[in-house]
Amino acid sequence: MSFGAPGGGATNIKPTPPERGSFPLDHDGECKHLISSYLKCLKTQRGVNDEECRKLAKGYLACRMDRNLMAPDDFKNLGLIFNDQKGNPSSQSGNQ
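Sequential numbering from 1 applies to the sequence shown in full-length UniProt numbering.
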């Protein structure tokens, strides 16, 4: 018996990679305490990703970057811009 396409033929589905590539899992639990805090924050905020929870997410991503569990990147590229950074001219470049 063959599963898949009608007639028993296999379908050719081209897999698509994730946008930012693959990254190693945190097998040793080096950043587990941070992700636990983030998930707890989301639970207390009833799923709303407010600024307090986003700062915990930033700490978790920083932990992963510091331990080479993900490629270093600017937090702005990861969508982590906070109210105190939005109006700060020193955090913006090329505005002159």
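Errors might be hidden in some of the hints.
[As the list claims (entries may be wrong)] SDA-like mimics (lysine to any residue), calculated; alpha carbons at most 25 Å apart, straight line: (1) Lys32 <-> Ile13; (2) Lys55 <-> Pro15; (3) Lys43 <-> Glu30; (4) Lys76 <-> Leu34; (5) Lys76 <-> Gln45; (6) Lys43 <-> Phe75.
Rather than coming from a laboratory, the hints here were simulated on the basis of the structure. Remember, predicted model here, so these are calculated numbers, not experimental data.
Hint-by-hint comparison with the structure:
{"no.": "1", "hint": "Lys32 <-> Ile13", "result": "35 Å, violated"}
{"no.": "2", "hint": "Lys55 <-> Pro15", "result": "33 Å, violated"}
{"no.": "3", "hint": "Lys43 <-> Glu30", "result": "22 Å, holds"}
{"no.": "4", "hint": "Lys76 <-> Leu34", "result": "20 Å, holds"}
{"no.": "5", "hint": "Lys76 <-> Gln45", "result": "23 Å, holds"}
{"no.": "6", "hint": "Lys43 <-> Phe75", "result": "23 Å, holds"}
Violation of the numbered hints given earlier is confined to hints 1 and 2; the remaining hints are satisfied by the structure.
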